[in-house]
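Undergrad: One-letter residues, chain by chain:
Number of protein chains: 2
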Amino acid sequence: MVELDYGCALGDVREQWERIENDLRRAHERLLEDKEAGVIGFLDLPFGNTKNVKELVQKKRSFTDELVLIGIGGSSLGAECAVCSLGKAQGFYVMDNVDPDKTVKVLKTIDPERTCFTVISKSGSTTETIANFMAVHPVIKSKEQLVIITDPERGFLRSYAQNNGIDTLPVPPNVPGRFSVLSPVGLFPMAYMGVDVDKVLEGAKKALELCMIEKLEDNPAWIITALHYLHLLNGKNIAVMMPYAERLSLFVSWWRQLWAESLGKEGKGQTPVKAIGTVDQHSQIQLYNDGPKDKIITLMVVEDMEDDIALAPLSEEFSHLAGKTLSQVLKASYQGTAGALVKNGVPVLVVKLSRLDEEHLGSLFIIYECATALLGYLLGINPFDQPGVEEGKRLTHGILGRKGYEEKAQEAMDIAKRCTSSSLRML
Amino acid sequence: MVELDYGCALGDVREQWERIENDLRRAHERLLEDKEAGVIGFLDLPFGNTKNVKELVQKKRSFTDELVLIGIGGSSLGAECAVCSLGKAQGFYVMDNVDPDKTVKVLKTIDPERTCFTVISKSGSTTETIANFMAVHPVIKSKEQLVIITDPERGFLRSYAQNNGIDTLPVPPNVPGRFSVLSPVGLFPMAYMGVDVDKVLEGAKKALELCMIEKLEDNPAWIITALHYLHLLNGKNIAVMMPYAERLSLFVSWWRQLWAESLGKEGKGQTPVKAIGTVDQHSQIQLYNDGPKDKIITLMVVEDMEDDIALAPLSEEFSHLAGKTLSQVLKASYQGTAGALVKNGVPVLVVKLSRLDEEHLGSLFIIYECATALLGYLLGINPFDQPGVEEGKRLTHGILGRKGYEEKAQEAMDIAKRCTSSSLRML
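In order, the protein sequences belong to chains A and B.
Counting along the first sequence from 1, when you hit position 400 you're at 673 in this note's numbering, and nothing is skipped either side.
Counting along the second sequence from 1, when you hit position 362 you're at 635 in this note's numbering, and nothing is skipped either side.
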């Protein structure tokens, strides 16, 4: 069961809610047109064939036991989310950041001869990914240990794979990284780690059917889109997602990229914030309850938690806890927190999962992807590009001495000089 | 070396900057008055004696090797930050959340006979902390393995410790949890894990001297306060902290509580957002560069990184990376990103550390605590209370059947009913 409770999410946008359905219909039609035109590919992914992915997993599994995923952003977050939230993370390592602390720690942990190194980059030339590949490739004993997932035709990694006879899987060209979790980008690492990828796609397919219903109350993506859109217009420039389940932590990281990178452009967008219940009750809830009314909050709760543990009696003062399980305390905390937020006039949307499994996760992926795309159309921006990251890349190339970027090196130095023009040395 | 570069942080508040010093001086005087009156205690902590803490560590270390910290929010984040960012996390476990997945994982990992269980709660009755204590205390073999850190006189944990002859350390009553990292709350777990706590306090002392200088350009806390205050008045309701060092990830978690819980009240406050470079260049930077101008961003960078790794040549196309180290790529990415943000008119403050060690971390703790307190005074709120978390606690007590909270149980149920009054079942 996946349920969306939004009776406490409307707040002061109830009136606009009654009138939003036509706007959603137009955005929806635009989405279908773009899909038909082949411009956007993410809606086709739930219907993909997983045979190639599973055969390649079988081949690599025959002589390796662990997976190092070299990739960043849309090339790592989806797989990392699925593998970790489904409890399959033993022997799974991600090299996303170019932080030597992280990379060296992984290299010290793995047995390089028994490891499958999977390099993922849609463009085939992401600086961090290539740098980490350059850092680790001296320890890779044979090309058989490598898998490259990249554009089917273009880019450095594609030609590198062709020239060196390395196994590859394709990233569909019409799917941006942050929408690619249901492509081989997400599916290969998932399948390698023992996630049932057919069930992930099955859940996505079922949810996608709902996302095609042209009626607000019956379409989960429309509901999520409408609520965030109306509250954003009403000044809520922050969207919090707060699961009461540590395992969903990486789902929020995945969503956070989707939301920020798809919608944050042309001066528009809504800043996604990650919070975890109950931990952030002791960190952020004071602000959410009593601070500015600038947020819409999604709480997530999982009904059946594995490995629950009962509380032994300790003292009369806490007799109300004795005999309860830890997850009962967790759920009561979610209800108490939700109640206080509602009393304080904060719009609260609740996503309830009966349990955390492949199907449910697959459904969440596609619902949030549809909601993000629709919200982009409503805002009048292109949810599938990311022009605002290019200048930082160019300046970085300049600093790193890449040919053709000499002017950018100078520009970066000039800015750095400005930044240090007011400076305080403290220690 | 700790350096604060703010030449690119003024943006459109340059004019107000020239006039802010008197306001800061008044806030500063208020801080000193409250300190003299004994109302606030965090400024005294750098001068504390660590003898008791170190003796207790020695005693516990003689028969245990691992530490389980049972505590949440201000009772865990400071120690967790120091232990993890200083690379001492081997054998250190935090039970903060009441998520069975987390608690059971820790119980499966540790050797309960060789573990020191440290229960930390200022009030002595934090629900999550007591619940986790109840979940684990059947596996604790002897009271000698326990340490309780709580109010010196009041609360359940204090009387429990007295009645059962358990070793304790005090939380100063005039120090709220989120300001307590330099008290035994932070120092005992740090010292147990091998952090040199005297050096942490030494760094804090040195930085505190600077925070007492009544001149804007010479006082790091004043600079941080002024920038965040002026930009907040100017509509920037979001403060991002983005270290280019995975190890500082938990420093941001610590700061995030300090900022949100101290300042988010009476409709005021600024939402802290955690980001990590370079990972979030591929997730949040599109939004930061090209989305709404609602943010002030602090970048952090560490100059000397341990365990660096050189990049082996891979291809002519990436010859500019060959021979460089991973941390050089990391730093170039920080510079490129900072440059793009500055070009886009985003205010960027840079905190530079020569290296990540005890002294530097101690200095950051006290500087940000001072800045938070001052900003609270400027905003006209009390930075040391947290009234907005109480109602959620009461409702949770009601749901859990605690005596005296029967009405709250009913209220929580009524709200839950409202929330499910509009609901969509998806799967």
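Just so you know, not all the hints are guaranteed correct.
You can't tell identical chains apart in this list, so a pair holds if it fits in one copy or across any two.
25 Å max Cα-Cα, derived PhoX-like pairs, lysine-lysine [unchecked claim]:
1) K361 to K676
2) K327 to K472
3) K414 to K308
4) K361 to K375
5) K666 to K478
6) K625 to K381
7) K375 to K547
8) K324 to K414
Hints in this document: simulated from the structure, not taken from any laboratory.
Undergrad: Let me make sure I understand: some of the numbered hints might not hold for this structure. Which ones are they, in numerical order?
TA: Failing hints, ascending: 1, 3, 5, 6, 8.
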